[in-house]
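Modelling step: build the complete structure from the supplied sequences, incorporating the hints.
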Amino acid sequence: MIRWAEADDLPTLVEVELAADGMFAPLGIHFPPGTTMIEDCDDPETVIVAGRPPVGFAMLGTVDGLAHLEQLAVHPDHGRRGIGTSLLDAACDAAVAAGAAAMTLTTFRDVPWNAPWYAGRGFAVVPAERWGPELTALVRHEHTLGIDMEPRVVMRKDL
Numbered sequence: 001m002i003r004w005a006e007a008d009d010l011p012t013l014v015e016v017e018l019a020a021d022g023m024f025a026p027l028g029i030h031f032p033p034g035t036t037m038i039e040d041c042d043d044p045e046t047v048i049v050a051g052r053p054p055v056g057f058a059m060l061g062t063v064d065g066l067a068h069l070e071q072l073a074v075h076p077d078h079g080r081r082g083i084g085t086s087l088l089d090a091a092c093d094a095a096v097a098a099g100a101a102a103m104t105l106t107t108f109r110d111v112p113w114n115a116p117w118y119a120g121r122g123f124a125v126v127p128a129e130r131w132g133p134e135l136t137a138l139v140r141h142e143h144t145l146g147i148d149m150e151p152r153v154v155m156r157k158d159l
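If you count the sequence shown from 1, position 106 lands on 106 in the UniProt record's numbering, and the numbers rise without skipping.
Calculated from the structure, these hints are not laboratory results.
All values derive from a computational prediction rather than experimental measurement.
A hint or two may mislead.
[What the hints assert, rightly or not] Between beta-carbon pairs, the in silico distance windows are:
hint: 1; residue 1: Ala7; residue 2: Ile29; range: 18 to 24 Å
hint: 2; residue 1: Gly22; residue 2: Pro127; range: 27 to 33 Å
hint: 3; residue 1: Arg52; residue 2: Pro76; range: 27 to 33 Å
hint: 4; residue 1: Gly65; residue 2: Val14; range: 25 to 31 Å
hint: 5; residue 1: Pro76; residue 2: Pro133; range: 34 to 40 Å
From the three backbone atoms N, C-alpha and C, an ideal C-beta is built for every residue, glycine too.
The structure is reproduced here in structure tokens:
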């Protein structure tokens, strides 16, 4: 069941995100403490969830006037069942309903369930010279947090 989050879903989503982040450890990618996206979220109206209790989520924002996928996470115990694709589709649908022309995101270039996965769903890498000022600031912020331990890319899908 894909639905908009409710306030009492948000604490559970921290556990989902941390579990999903753990999938990167075998690749040598370890996220710095305090870099989970959902911990800073206090508005359930920006989050689409799968399940009750939630086993995955897509957190939406706006960057340079476009929809931006802040985070997509599925608990590994529920992976490879199409939940991520359903959440991404729902996020794109919500962006279209809100009048967005495109959706952007930042992700790891070489992690199979990151950039290659998004590319298979219509997203394309955006060269740095085409980033807007807010997207440029976001990428710089990720760098200061230490999230760029592996090559990162910005991707976009026209909606």
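Quiz item: Hint by hint, which ones does the structure fall short of?
Solution: Numbers 1, 3 - these are the hints that the structure violates, sorted from lowest upward.
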